[in-house]
Amino acid sequence: MSQPRPDSAIANRPERTGNAFLATLRRDLKLAIRHRGELANPLIFFLLVITMVPLGVSPSPKTLAILAPGMLWVVALLATLLSLDGLFRSDFDDGTLEQLLLSPQSSYINVLAKVIVHWLTTGLPLTLIAPLLGVMMSLPEAGYIPLVLSLLLGTGSLSLIGAIGAALTVSLRKGGLLLSLIVMPLYVPVLIFGSSGVRAAIEGFAYNTQLAVLGSFLALAIIAAPLAIAGALKMSVNN
Amino acid sequence: MSKALDKQSLTISLEQLACRRDERLLFADLNADIQAGDVLQIIGPNGAGKTTLLRCLVSLAEPSAGEIRFCGQALSQQLFEFRQQLLYLGHLPGIKSALTPAENLRWYAGLEGDTDRLDSRVEQALKDVGLYGYEDQSCFNLSAGQQRRVALARLYLSQAKIWILDEPLTAIDKAGVAKLEQRFAEHSETGGIVILTTHQDLQLASLKRLDLQDYLPSPEQMYGGAE
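Here the protein sequences line up with chains G and P, keeping their order. In this text, residue positions in the first sequence follow the numbering used here: the first is 1, and each later residue adds one. In this text, residue positions in the second sequence follow the numbering used here: the first is 1001, and each later residue adds one.
Keep in mind that a hint or two might mislead.
[What the hints assert, rightly or not] In silico SDA-like cross-links for lysine to any residue, where the CA-CA straight-line distance does not exceed 20 angstroms: (1) 234(G) / 1218(P); (2) 30(G) / 1097(P); (3) 234(G) / 1068(P); (4) 234(G) / 89(G); (5) 234(G) / 1097(P).
If you're looking for bench data, these hints aren't it; they were derived computationally from the structure.
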């Protein structure tokens, strides 16, 4: 086995960082697939709550159509919130989190890989199932495409922002409530622009402003959130 | 930068180090020089601060006073170089129980960024710790000792020069301990550093010991604040 040569180690840095990113991505995807039960939790929650609305409020399509954009967005947001607590918990408990932070590759990239897996296993399925639930909520036809597009952009931000809260509370035994309190205010803008985009489309207005705002939230979150998450994780592992 | 990585010049020095856990000062004025080829066993009774010292060494915790220097420069300035050379085994095994031993090791190799001939290296490492034939079982089904061995397989897989190991011998049988001692000896001969805590007596010629009882804080430090 050859010794790592210092020069080559530094020259290969981008490639090595890429390897670390892929290794974490692959590992977390495998873990998600092995814990299929947990994977389904947010989806089932989404499905159940949306099924209850016509039963609890009113089955009339007219009423439901008014509620639909807001309701779909609120429940998708809560479903994401529900899944956050486990994001770093098991890594924290078995010590792989500290190993991840000690990697010579930047924590930014490893953390980003973990959040991407979280989005792939919650945000993306929620987005894909949303049109189906839109039918249940008698969402007017013009609302489907903006619903999917806004959720696609919005859930990305939700995963990234939520991961900051999860990282801050991972060392607390009962951080659930605190996590919601930290994350909720940050979720509000995403919710407002997401659901108002869908409503605008239903009412026949253009909805690209809202999508643009959601897109810029996402861009900002991709750049800034992993730094905050890595910092918060370092603090959590420190005690 | 490349000078820092030259294995001949690998040194870690602790200067006037003091660590706190919660409000208690565990040890103070700890001075030590660790050079390439050293195997250092940190001893002390339970609660003496062995784990805390190791966590400070790998920068997972902050010392309350003093400084750690890596190759002559402050550790915080050299983190990337240090971590490239670091293999840390904490008192948590760092093993995902839903994954197989091979998958766990592949992740670690990936974290180092080193994925050349990965499959054969992982297989060899698992053979070396006596887990051949278990590579496709999920770690869930392995015993405590076997799980520890999965973590220890990193000693055969990694090319890191600085090993910082917190109780690596827990739950390992006698033959396994002898094999690990041999591995430590090999590592020190090739210019590596091993810093470990264990309550077992190691049979190594090059072993140095650091007793934390020698650095108990004086009463003034204890109550007057060490900072």
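Going through the hints against the structure:
At most 20 angstroms may separate the alpha-carbon atoms for a hinted pair to count; residue 234(G) and residue 1218(P) exceed this at roughly 31 angstroms. Simply put, residue 30(G) and residue 1097(P) have alpha-carbon atoms about 12 angstroms apart, close enough for the 20 angstroms limit, and the pair holds. The suggested pairing of residue 234(G) with residue 1068(P) holds, with an alpha-carbon distance near 19 angstroms, which does not exceed 20 angstroms. Taking the CA atoms of residue 234(G) and residue 89(G), the gap is near 14 angstroms; set against the 20 angstroms cutoff, the hint holds.
Proposed proximity of residue 234(G) and residue 1097(P) is contradicted: the alpha carbons are some 23 angstroms apart, above 20 angstroms.
Checked against the numbered hints listed earlier, the structure breaks hints 1 and 5; every other hint is satisfied.
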